[in-house]
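Using the sequences and the hints given, assemble the complete structure.
Taken in sequence, the protein lines are chains A and B.
Residue numbers for the first sequence follow this note's numbering, beginning at 1 and rising by one.
Residue numbers for the second sequence follow this note's numbering, beginning at 1 and rising by one.
The hints are all genuine.
Calculated cross-link-like contacts (lysine-lysine; reagent style DSSO-like; alpha-carbon spacing at most 30 Å):
id, chain 1, residue 1, chain 2, residue 2
1, B, K13, A, K383
2, A, K196, A, K157
3, A, K145, A, K157
4, B, K106, B, K13
5, A, K383, A, K429
6, B, K13, A, K196
7, A, K58, A, K429
8, A, K429, A, K79
9, A, K157, B, K13
To give an idea of the interface, some chain B residues facing chain A are shown, with a C-beta separation under 10 Å as derived from the structure:
id, residue
10, D39
11, V40
12, V41
13, F42
14, E62
15, S63
16, V64
17, K65
18, A67
19, P89
20, E90
21, R129
22, E130
These are calculated hints, taken from the structure and not from any lab test.
For each residue, glycine too, the CB sits at the ideal point set by N, CA and C.
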Amino acid sequence: MADDFIYELSSPGRVGVALPDSDVPETPIPADTLRPELPLPELSEVDVVRHYVRLSTKNYGVDTGFYPLGSCTMKYNPKINEQTARLPGFTNIHPLQDPVTVQGAMQLLYEMQDMLAEISGLDAVTLQPSAGAQGEFTGVLIMRKAQIARGQGHRDKILIPDSAHGTNPASTAMSGLHVVEIASDADGNVDIEQLKAHLDDTVVGLMITNPSTLGLFDQNIVEVCRLVHEAGGLVYGDGANLNAIMGIVRPGDLGIDVMHFNLHKTFSTPHGGGGPGSGPVGVVAELAPFLPAPVVGLSAEGEYEWVWPAQSIGRVRSFHGNFGVIVRAYTYIRMHGAVGLRRVSEDAVLNANYMQARLLELGDYPVPHGDRYCMHEFVAQGKIAGAEGIHTLDIAKRLIDFDYHPPTIYFPLIVPEALMIEPTETESKETLDGFIAALTQIADEARSDPELLHTAPHHAPTRRLDEVRAARQPILAKTSA
Amino acid sequence: MSLNYPNDVRYAKTDEWARYDGELVVVGVSDYAQDALSDVVFVELPALGDVVAAGDEVVTVESVKAAAEVVTPVSGEVVAVNAALEDTPELINTDPYGEAWFFKVKPSDLSELDALLDAAAYEAYNAEREDH
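This is the structure we're talking about:
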């Protein structure tokens with residue numbers, strides 16, 4: 001049964017808070033700014049608490065169970081992050097304060113810029129972008145401005161491999177550039193011959209996701225970067241899959257010129273409805289003058305200050321990014337240290353390879369690139385032999401009955417019936433085994449009782465939703481009865 | 001569930017079909033494409049009078065699974081679009097070769113049709129893709 005909206009629980013005159021009498025003279029609000037009605041719900045405190053606690057019990061998050069959503073890195077978010085983000089020195093300040101009075105917060109931002117530069121092997125970092133896709137947008141604008149500065153303003157194309165993240169083409173189009181898709185070769189790497197064919201003097205650069213959305217490390221990445229540079233292009237590295245390579249390989253060393261970091265993925269800040277993202281962007285020295293303004297600098301006198309890069313693309317967000325998220329990610333990096341971050345990536349890759357190997361061994365689900373070691377994720381297919389009418393969607397819905405969040409499905413697009421599984425490093429072997437066991441049982445059910453899958457989920461708060469009707473005839477606002 | 005590959009159209013490897021009626025080339029997407037997309041929920045058609053070149057992305061199709069670009073297999077001027085698809089995109093799932101045609105092109109180079117596959121070759125191509 002659907003829950004009532006909080007407005008429907010409202011009762012005229014009911015209040016949850018008793019305000020004290022005002023101890024200052026009342027100042028009337030100007031009549032032209034008053035509105036005749038403001039339909040806010042009226043409830044007692046307990047009504048409000050019960051309403052939201054009840055709703056929260058229907059939610060599924062990484063704090064309630066395994067969440068192997070490929071390319072989203074739904075790792076556990078350590079609770080100490082929440083403690084540091086709530087320190088009064090961070091919560092009781094305002095971005096417009098005199099820098100002298102917020103040196104601690106600025107030091108944190110400065111050190112965060114430094115740490116991300118070190119992790120990525122790049123030279124300068126902005127913390128402004130609000131999330132990954134805005135980081136991409138920022139990075140593409142920087143690439144374009146750098147090409148203009150090189151006297152190459154006529155360049156208007158961005159090459160994007162078909163194993164890249166789905167947001168890359170959108171970020172490119174938003175920047176007014178044209179997208180050219182590059183195919184993957186049989187091994188899942190960028191097709192070098194196709195890349196060469198498109199590398200001419202109209203290319204701003206390449207946007208590559210490495211490891212790719214196939215969960216594979218591009219074996220020719222150094223050659224790919226070299227070819228793009230040789231043609232006068234720049235290389236953007238989508239950092240969404242950074243969780244596989246921290247402390248092992250640095251994108252800057254491979255030839256990447258620009259990349260974004262998903263603090264909400266790799267650096268354990270809440271996402272997927274749990275909080276805003278954060279998508280800092282790192283660049284090589286040549287591109288540092290174009291970073292969004294301001295960045296945090298350190299003066300000769302040892303004071304942190306706001307610095308406007310000489311040829312900045314401007315602001316991409318108000319103030320200094322999602323500061324609270326940056327505090328959480330900073331905490332995560334400090335808690336792990338360099339050795340710990342490398343261990344994070346090693347365990348993330350180990351967990352994914354364990355699951356891939358188990359699935360290959362059991363044989364119910366094809367793994368198109370199962371002949372290669374995967375990185376932190378891999379792509380299986382919901383094509384169960386002997387169950388031809390069953391699709392990946394049915395398998396995903398059935399997994400909900402086993403109390404798992406389904407993997408990413410139908411992405412990447414280049415793998416039909418894709419099931420993209422990313423366990424992350426924070427899961428135990430028992431959890432991974434439990435999930436594999438569920439997939440095995442579902443494969444058996446697919447053959448013996450396909451209807452069970454077609455009508456799944458059976459134990460969730462709602463049964464199978466009509467996604468077609470929701471898309472064709474969406475009801476976007478609840479109309480009053 | 002076997003897919004339908006009629007012989008009266010020619011196919012692109014990008015899953016469009018083209019039917020030449022002696023004057024115009026009618027374009028749609030194949031049964032293979034609609035099956036892979038699953039339920040289509042939105043279609044964005046080209047504008048009448050658009051001059052298109054073979055290989056241009058001219059239609060966007062969105063399903064519950066994915067968004068896909070449809071390219072025109074022939075060059076020429078768009079002289080008709082199937083506006084019915086805007087309100088009833090499900091036609092693409094129910095009648096991909098008939099009621100769900102996308103647009104008609106007044107072709108500028110009929111030899112482009114020769115580069116397309118016949119039904120048997122396209123079916124074989126799809127079988128090979130499925131094995132991959």
